[in-house]
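Chains as they are written, first to last, in the numbering used here: chain A, 1 to 122; chain B, 1 to 596.
No lab work stands behind these hints, which were simulated from the structure alone.
Chain A side only, calculated, beta carbon under 8 Å to chain B, not exhaustive:
1. M1
2. L7
3. I10
4. S16
5. Q17
6. E52
7. A55
8. T63
9. T67
All figures in this text were calculated on a predicted structure; none of them were measured in a lab.
C-beta: ideal position from N, C-alpha, C; glycine also.
Here's the letter readout for the chains.
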Amino acid sequence: MKSLAELQAIRDRARSQVILRENNDNAIRVLVGMATCGIAAGARPVLNAMVEEVAKRGLANVTVTQTGCIGICQFEPVVEIVTPGQEKVTYVKMTPEKAVRVVNDHLVNGNVVTEYTIGANS
Amino acid sequence: MYRSNVLVCGGTGCTSSNSELIISKLKEEIAVRGLDKEVNVIRTGCFGLCALGPIMIVYPEGSFYSRVTPEDVPEIVEEHLLKGRIVKRLLYQETIVDDNTIKSLNHTPFYEKQNRVALRNCGVINPECIDEYIAVDGYTALGKVLTEMTPEEVVDVVKASGLRGRGGAGFPTGLKWSFAAKNQADQKYVCCNADEGDPGAFMDRSVLEGDPHSVLEAMAIAGYAIGSSQGYIYVRAEYPIAVKRLQIAIDQAREYGLLGKNIFNTGFDFDIGLRLGAGAFVCGEETALMTSIEGKRGEPRPRPPFPAVKGLFQKPTILNNVETYANITQIILKGADWFASMGTEKSKGTKVFALGGKIKHTGLVEVPMGTTLREIVEEIGGGVPDGHTFKAAQTGGPSGGCIPASYLDIPIDYDNLLSIGAMMGSGGLIVMDDTTCMVDIAKFFLEFTVDESCGKCTPCRIGTRRLLEVLEKITSGNGAMEDLDRLEELCYYLKENSLCALGQTAPNPVLSTLRYFRDEYVAHVTEHRCPAGVCKALTNYFILEDKCRGCTLCARNCPVGAITGSVKVPHVIDTKKCIKCGACMEKCKFSAIIKK
Ligand SMILES: Cc1cc2nc3c(=O)[nH]c(=O)nc-3n(C[C@H](O)[C@H](O)[C@H](O)COP(=O)(O)O)c2cc1C
Ligand code: SF4
Ligand code: FES
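If we strip away everything but chain B, and leave its shape as in the complex, we get (with noise of 0.2 Å):
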């Protein structure tokens, strides 16, 4: 029995920032005092707060630090572990409250507005260790639904939580369960996407890596739901801690037969495979990843047939998202009307986003659907820094759009994000402040979908290139004001003709940006200027010459000798010999140079 738990991230963004250090480094000085039967360190899967991270938190106390390195650990043994004091330069400021009494984690700003289903065991078990998960109600669902209910009872009570796919269309999970229920076939498959090839989003990694069982679990459940013996996870290599645990949970579970055959002496069969997918973004669409899994050119097909009817080997199958089936257990466990009492009226439950771009708190965060997006900025997030403000929130990646500051209020679900141009998507939420671009920002998808592309249809093909000149003609000052209705003209048509959803969803941050931000793309067509000053080809540097102390630092760092002048005498840029790189700017000790 140990008497503390020290929990250390090992999520993708702490161990990237030294976290497996911090751990063997830890697992050192305990041992070399003597605590090794004593103190317990545990590496989980993500906390959530990655933007603090390398991130460790000490139980029974709860003592959060964050920003933690591997020189400070042998204080944190030495004073924490052995002594009981609590090493106060590293916590979480927002924990210290009055300088002497500290508040759970729980109760700061970031974690206070969330409500961590999907998420409810990531950072708080040991994802390695099956008795962990097991220690919170693991694998209970799957008892229940074999020994105490139907499959027609489970699919009911999808159905009735009103959970959707947290995938990207949001279309009803429990539906989609009852029409692969009901087609016959010798053999079903239940599918995981676990691809997530959004830029941006994280959250079914973090899934994955702090809590795979759960998963495995309700692809068990959703194979008795259906009928099925066989499932499939498609996790795309470059996620290789989830890859390994995932491994290390399908070994595990099929140890204990929670996996395999006779599962619970009940006659039902289920087991689990993983295919690795190459990181094509186009394999995350269902027809493509079905086709990929058959061992073949992961390139979409028309629907229908749709793939309950005719999915993987031409078999029923259901596909769902990671962070869906996170949520099934617990609407087996607690009910369909607990799930149901969480959201708006037609999107129930809760969503992860993964916060990112010009925000304070980067991370995961989970909040019941209908969370206005402000909250999810301002008051989980910490608000835009550096004094900066808030511009738009891209949400839905490559296939969404952006939300522009006048929608800040507008609580967030399915149907709300649609009906203004933006779209649910994955979650990944990209926050832009007043230095982003807006027509930067477009051309930035549209490079990703051209990449991704598939090149099977002609008009996602053709026409996603197309678009992409357009917008490098209007970036580079050369735009017309015909460019603006060509560009429009042409998204309409990529939408209508396109063969799969990557193809339709292509232009929407072509068309939401055009809707929210025309002034912008005006000002570069009819003005040639870039107001975020973040197009090259518009923007010159320039120094103010009552600010400038005639210091020569600028001098000295432009690589191309742009800039002249004599020591204290205010310098001047050459803007045909500056190439725009930035550094004279970045060098200025008095703000003297500015860029428009």
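This is chain A alone, in the form it adopts within the complex (with noise of 0.2 Å):
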């Protein structure tokens, strides 16, 4: 190890993989429904690419999950953000463009990407 910069930059790296493994009860949480209708309709790539794009952002402040059937079917793949004290968000008919799209505008910048969200599916 010839500098601090180094260091740095191997920590920087391998920090994302670790920071998934603390519990942090105020972080914004992002649910990716996939119980065997969400799977069936794609739901695995969309996990993975808000998996890749939040570590990317390094975003440490989110983590995501996925959870059972969400109990709407038809829209499936579904993503819910719940953020501490907020109304929850819930974006229907996923594709993993779609979710780099959600990370960036909602979970970065705050805006609610309203053609995605169920309302404007219904």
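Fit chain to chain and form the complex, with the hints in mind.
Here you go:
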């Protein structure tokens, strides 16, 4: 190891993985519906895209988890975003591309992507 | 990028209850479902709650699964990892509130009162992956001291933190470092005591298994502080997982240039070698340990000269305990004031205890110094199980003593324990209930010291054997009241005349049980009775006539045919024939057999 900067680089690279293991009760939670219906509709690539993008942006205060059937199977894949103290936002008919946009607009900049929400689709 | 991390305990406790098989099964099931790019399986060190092992935590949910069996694995993978449905039946009960919400582990009684400093990474990172250690700020403290601090400043920070050695005696660590720093020599050494010989203690093992890099990093910091380029870790060969992970950690640190030459381009060289001990208790004593590293028979030698002047290979040396080192990087990163803000006036920081014996949650706990024994036993440890009552806690192993129930509220620190005739020792904490005979306990520790005395000096070699003989006389029902006085006299003689602390402290278990449980000794001597019903020579088995249904089960299980009686008629035990194995009492369905 030649410098602190070199150490820092390894640290930053490895950090996102270890951060996942912290219990953060105040985090914003991203829930991806992953029951049989969700998986069949393609929820897994959505989940993975969410995880990748959140890690890429270094959003330490966001946890991405899967959840069971949300009950609106015709709209799968479904993603819910729960911010402590705010109304839950439900995104429907998600794709990995849409997921990236939700992370950037909603989670980074705080702007709900209304056109993907359940209200705009029902 | 993994979306989920599955941490499985790979500590010695869980490994012995099959966690290896769980890990391989888990990897297999995950691969079958094509999740191997999404789910990361990590084998960690001990989580602490060993009583509930094998243990598994799934993140990001933080679901804490306990007593997992290999058969549970497919369900966890299918339900939780694939479909996101937590497998409730395997969750640790105390994390479930009102049936539907699940709280995080940190808010359960076992963890809530703890403050994990030395154990901070155990059960969190993969101990075989240096990148994970670096991710939690590993080697940052080493970088900081090498690039921003002088050796004197490092010693001063450790001094100011108030850290005292966790290996037993509680000597101020900074002071020890300053002695070695002051002495000039062409070569100095930094040693780590990972011998951990106390029966019932396993905190050092857990740190080595769960977070080996933190010890390496701290030793390098110590090397810089005192001007040494070579370290040795003396670890017992009976700790194979610890040895293996230490070796992996050393190799990885060398590969990254965090051990070796010119670390961080500062001109500082430091390397570490492993030395395996054969598991002799006396080799944990500092002078014996160094003699053993030198390749000679591990016998103590007189001090002075102290190791800081003439230690390993006659050169200035510091020796610290594993847990002591595990605190160092945090003191450097967070500051002396942070560390000194925890604990009592003269004992700063936290202490890891290995909770064992008659307690619900056996395992590892780390609490601020000054926590009371009651908090540890009742709140964190979940109390004494099976309706029995707390009698005493034994701390400090063979060098320590017993704390009776009347001192349950004493804040635990070095000085308070000494004042009541016990000792911090390395942190073994064995809880005893009303079924424990205190004379028998004293005998147990004496048997240990008799076996482990190195024999170099007469008071210890012969004195401990004589002590044991007197205890045997008492527990076999042949003791006299004069024997109690003789015991005490011998104890003081040993304390004053033994060469090393093994002999000097060997009498402590006898003295402390005599002090707090003298009535039990007296009952053995004058009434030929063992109040706890442990000493075989003094207890007999009886059948309670009114409870016995004459089911004949006891008679059929007695290996020596000491029980007679006909069907549906109360049986009797012939105490002359009885070998007191207890088989009958274990089998009786009507609690009709007692021992007294
Ligand atoms: C018989 C005997 C056994 C000991 N065993 C250990 C041991 O297993 N681990 C340990 O760290 N210290 C042990 N010690 C204490 C060491 O001699 C020494 O004081 C300690 O390792 C210093 O480290 P510290 O200042 O960090 O506590 C033992 C002492 C004696 C007398
Ligand atoms: S006190 Fe016991 S262990 Fe220590 S040197 Fe003497 S004989 Fe050996
Ligand atoms: S060994 Fe697994 S929890 Fe302690």
